[in-house]
Amino acid sequence: MSSGMSIEDRIAALIAPSLESMGYELVRVQLQGQKRPVLQIMAERADRAPMTVEDCADISRSVSALLDVDDPISDAYTLEVSSPGIDRPLTRRQDYERFSGFEAKIETQRPVDGRKRFRGRLLGIDASEQVRLGQEDGDLLIPYADIHRAKLVLTDDLIAAAQLEQDDNQG
Numbered sequence: 001m002s003s004g005m006s007i008e009d010r011i012a013a014l015i016a017p018s019l020e021s022m023g024y025e026l027v028r029v030q031l032q033g034q035k036r037p038v039l040q041i042m043a044e045r046a047d048r049a050p051m052t053v054e055d056c057a058d059i060s061r062s063v064s065a066l067l068d069v070d071d072p073i074s075d076a077y078t079l080e081v082s083s084p085g086i087d088r089p090l091t092r093r094q095d096y097e098r099f100s101g102f103e104a105k106i107e108t109q110r111p112v113d114g115r116k117r118f119r120g121r122l123l124g125i126d127a128s129e130q131v132r133l134g135q136e137d138g139d140l141l142i143p144y145a146d147i148h149r150a151k152l153v154l155t156d157d158l159i160a161a162a163q164l165e166q167d168d169n170q171g
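Residue numbering for the sequence shown is 1 to 171, as defined by full-length UniProt numbering.
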């Protein structure tokens with residue numbers, strides 16, 4: 001793999017195909033800490049059913065086996081596997097469509113209209129890679145490439161939608 005990629009991107013490229021074949025989607029890879037790094041793998045079920053402890057254990061075993069072979073992290077590290085949760089990070093283009101209509105916080109790498117932090121209703125992502133965020137004073141377009149981090153805001157609407165999705169998966 002290209003050495004120009006970040007270690008997180010290299011790990012994501014290494015493990016995503018395996019997770020997909022197991023019925024999961026990779027949401028995020030984060031490596032944090034210096035003395036004893038923690039590798040955080042966030043994934044969700046492709047069928048949108050709630051993640052179980054068994055799901056996390058299956059992912060952990062698969063990721064551990066892949067990383068033992070490729071070994072992109074030279075030092076000892078701790079592996080943590082989790083699901084995104086209700087107020088999840090938005091890490092993929094498809095997330096901006098999937099969660100259109102819900103409130104989100106977005107932080108950009110560069111100022112957009114003089115600011116770097118925004119909060120509003122997600123209105124999707126267009127063909128020109130602009131995320132549309134509805135705000136009280138009108139819609140704002142934020143270049144997808146400029147987004148540093150984004151996450152859903154915990155609201156009653158989001159909780160109700162998550163409950164409905166969970167009920168659909170159980171019935």
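Accuracy of the hints is not assured; some may be wrong.
Straight-line C-alpha distance at most 30 Å; calculated BS3-like pairs for lysine-lysine [unchecked claim]:
1. Lys151 - Lys35
2. Lys105 - Lys151
3. Lys105 - Lys116
4. Lys116 - Lys151
Okay, the calculated beta carbon distance ranges per label pair [as the list claims (entries may be wrong)]:
5. Arg110 - Thr78: 32 to 40 Å
6. Ala16 - Thr52: 38 to 46 Å
7. Leu164 - Ser82: 17 to 25 Å
8. Asp168 - Ala127: 39 to 47 Å
9. Gly33 - Asp70: 17 to 25 Å
In case anyone wonders, no lab produced these hints; they're calculated from the structure. Every residue gets a Cβ at the ideal spot worked out from N, C-alpha and C, and that includes glycine.
Kindly indicate which numbered hints from before are broken by the structure, ordering the numbers from low to high. 6 and 8
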